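Could you put the whole structure together from the sequences, leaning on the hints where they help?
The listed protein sequences correspond, in order, to chains A and B.
In terms of full-length UniProt numbering, the numbers along the first sequence are unbroken and rise by one, the last being 355.
In terms of full-length UniProt numbering, the numbers along the second sequence are unbroken and rise by one, the last being 304.
Among the hints, a few may not be true.
[What the hints assert, rightly or not] Listed below are the simulated SDA-like cross-link pairs for lysine to any residue, each with C-alpha atoms no more than 20 Å apart in a straight line:
| hint | chain 1 | residue 1 | chain 2 | residue 2 |
| --- | --- | --- | --- | --- |
| 1 | A | K184 | A | E32 |
| 2 | A | K106 | B | T209 |
| 3 | A | K321 | A | V298 |
| 4 | A | K92 | B | S206 |
| 5 | A | K184 | A | L123 |
| 6 | A | K92 | B | R213 |
| 7 | A | K106 | B | N207 |
| 8 | A | K106 | B | W212 |
| 9 | A | K132 | B | W212 |
| 10 | A | K92 | A | A134 |
| 11 | A | K132 | B | R213 |
| 12 | A | K132 | B | P193 |
| 13 | A | K131 | A | G114 |
| 14 | A | K92 | B | G191 |
| 15 | A | K92 | A | Q140 |
| 16 | A | K132 | B | T210 |
| 17 | B | K161 | B | S247 |
| 18 | A | K106 | B | G204 |
| 19 | A | K92 | B | P193 |
| 20 | A | K92 | B | Q194 |
| 21 | A | K92 | B | G204 |
| 22 | A | K106 | B | T210 |
| 23 | A | K92 | A | V103 |
| 24 | A | K319 | A | S257 |
| 25 | A | K321 | A | Y224 |
| 26 | A | K106 | A | E118 |
[What the hints assert, rightly or not] Part of the chain A face toward chain B, derived, beta carbon under 7 Å:
| hint | residue |
| --- | --- |
| 27 | P74 |
| 28 | M81 |
| 29 | P90 |
| 30 | A91 |
[Said to hold, decoys possible] From the structure, some residues in chain A lie toward chain B, with a derived Cβ separation under 10 Å:
| hint | residue |
| --- | --- |
| 31 | A52 |
| 32 | Q84 |
| 33 | Y86 |
| 34 | L88 |
| 35 | F100 |
| 36 | P101 |
| 37 | V103 |
| 38 | M104 |
In short, the hints are calculated from the structure, not lab data.
All figures in this text were calculated on a predicted structure; none of them were measured in a lab.
For every residue, glycine included, the Cβ atom is placed at its ideal position computed from N, Cα and C.
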Amino acid sequence: MAEGIDCVDVTKTFGPTDQALRQVTVSCQAGETLTLVGPSGCGKTTLLRCIAGLDNPTGGTIRINGRDMTHADPQRRSTAMVFQNYALYPAKTVAANIEFPLVMSKVPRGERTGRVAEIARLLRLTSHLEKKPAQLSGGQKQRVGIGRALIRRPSVLLMDEPLSNLDAALRVDMRTELHELFQKLGTTVVYVTHDQTEALTLGDRVAVLNEGQLQQQATPREVYARPANRFTASFLGAMNLLDGTVQDGYFRTPDGSPIVELRAPKAATTACIGIRPEDLRAADTSASHPHVTLTGRVRLLELLGSEELAHITLASGHKLKARLPVGTVTSGTVHLSVDTERLHLFDAEGIRIDL
Amino acid sequence: MTTGTQSHHATGVLSPGRAEPPDASGRGWGSVLRRAAASDIPRHILLALGAIVMLAPFAWMVFSSFKPDDEVYSSNLLPRHPTFDAYQRVFDTVPMGRYFLNSVAVTGLIFLGQVLLAVPAAYALARMRFRGSKLALGLVLFATMLPMQVVAVPLYLLFAKAGLLDNRLSMISPFLASAFGVFLLRQFFLGIPQNVLDAARLDGASNWTTVWRIVLPMARPALTAFAVFSIVSHWNDYFWPSLVLSSDNAATVPYGISAFANSESNDFAAQMAAATLAVLPLVVGFLLAQRHFVRGLVLSNTPD
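Now the structure itself:
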């Protein structure tokens, strides 16, 4: 029996025209954290709601721990969910909020109290148990939401952008806290986010969605190093994408002037080349790796702290961004180079071409 | 305090959690009220005049009820020798205790029944999709526009034919289904975040459990407002009791004291005492529930 979650060809339509999910196939093994990432409206929350049983898929199959749960009642799925805006019961105390799922499944009072105390210790809520949600900070509210989800000891924890209502500093702390919690619990987690950092740091694997379609599912390292298509490349890591053509072993601008010489020549085609901002560096003629050099003009320099983000317009008219150590470039003309093996090439449909 | 709050939300739509603090830049109610106090003096004078006009007969009633016989028709507002004699005569002449018990039973049972029926109906109309839900809502709205007087005669005939006149059942049952209550609560339920209801569903709560254990505790402001409307109108109701009652057995306070006023038409002080007794519970109840009541109407809510 396969543990974890298998979604096969899951389709969800709202009304005749709105296709929220188009044949999405993703899987998450037991004990693994899968992050679903994509821009708003990409269908990631819909997929999560289908897994939770709050929405019914129009087509496809959802298996949880090997059993077909596509249309099963939410309570039978041994899943629990944490909501973006906490969704706590405002009239109940923290303790009563956490306890509620146990009351519903008729767990005896003595055992309930013990389990609430245990969860409260785990989530550092012990001193807040008698408060009402309105008296808590955002981070505490979300810990209550997590506590209410964990109390039934679900085999799958579903999280819908649990950090996006928190302010930036708290979000970073909570992210670390969640990461430690996931490791401690060993529960299967499906984590929806629009934040690429959360997706990459928390996920054992990442599934990228756009317009209801799965773009790529792979480990964070793989998704980042070898994005399967243009969308994934630009969404995770804000890759520079330059449109042009491939001809005679060169990647060329649309009007045909060569920009980059490719390692492995391809047949002539329109294409798109991708360069991560952090892979660009000041041109260095003595570099040992095969590399290409680009020449352009600095439009704008943004200080990020330890680095600067340089907005550059190439002679060909293409625009790109480069993350460079502070002081590497000043205004005016710059020469930047990038290792050839760091280049990404996408065909006319936006699909990755291995160089 | 209440004036300031109310004036700000006079046009507010009934829904929880929507009302914003008056000033997004962080200035709270305090400064708004101070500003109002400074610039709105003419308005407050006008409102005070209105209040005097409204309260004067009420004060006159209360003061007269404490006057001895020889002072009742004097022009003093305040009694020179205050006395409880008039109250004594009321209790001696009519079973005031029974009227009160009847009134408490009738208004209490009406309100209880209205809540039991209106809460599930309002939840269904607000949050569930079913065939005919729009029609049902339309009918509820239509029913809110029908005054009691329109349906009184057919209802009376119904009760008369069934032999149910002149008892508590005939006093209570016509009011158990409150279209106004359904509509008021529906508007409130519309504002409850969907996620909270989803969470309840995932936690294993049925619709029925969700309504009573999750939604109802959240609706306290709206319920309090509805309680005041319902209890005041049925406590004071004279029209329907006067149709169905013919004896003292099931008489409520207004019906009882009107019978008293007819029989003791010369004893003005006693009539005023009976009237004071009739409104006393409402005034006390309103003062106790005032904070909730205003909140229910204003429909501000604690930030979530």
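Results for each hint:
no., hint, in the structure
1, K184(A) / E32(A), "holds (12 Å)"
2, K106(A) / T209(B), "holds (13 Å)"
3, K321(A) / V298(A), "holds (10 Å)"
4, K92(A) / S206(B), "holds (18 Å)"
5, K184(A) / L123(A), "holds (12 Å)"
6, K92(A) / R213(B), "holds (9 Å)"
7, K106(A) / N207(B), "holds (17 Å)"
8, K106(A) / W212(B), "holds (17 Å)"
9, K132(A) / W212(B), "holds (19 Å)"
10, K92(A) / A134(A), "holds (10 Å)"
11, K132(A) / R213(B), "holds (16 Å)"
12, K132(A) / P193(B), "holds (17 Å)"
13, K131(A) / G114(A), "holds (18 Å)"
14, K92(A) / G191(B), "holds (18 Å)"
15, K92(A) / Q140(A), "holds (15 Å)"
16, K132(A) / T210(B), "holds (19 Å)"
17, K161(B) / S247(B), "holds (18 Å)"
18, K106(A) / G204(B), "holds (10 Å)"
19, K92(A) / P193(B), "holds (16 Å)"
20, K92(A) / Q194(B), "holds (17 Å)"
21, K92(A) / G204(B), "holds (17 Å)"
22, K106(A) / T210(B), "holds (16 Å)"
23, K92(A) / V103(A), "holds (13 Å)"
24, K319(A) / S257(A), "holds (16 Å)"
25, K321(A) / Y224(A), "holds (17 Å)"
26, K106(A) / E118(A), "holds (18 Å)"
27, P74, "holds (5 Å)"
28, M81, "holds (5 Å)"
29, P90, "holds (6 Å)"
30, A91, "holds (3 Å)"
31, A52, "holds (6 Å)"
32, Q84, "holds (8 Å)"
33, Y86, "holds (8 Å)"
34, L88, "holds (8 Å)"
35, F100, "holds (5 Å)"
36, P101, "holds (4 Å)"
37, V103, "holds (9 Å)"
38, M104, "holds (4 Å)"
Comparing the model with each numbered hint stated earlier shows that all of them hold.
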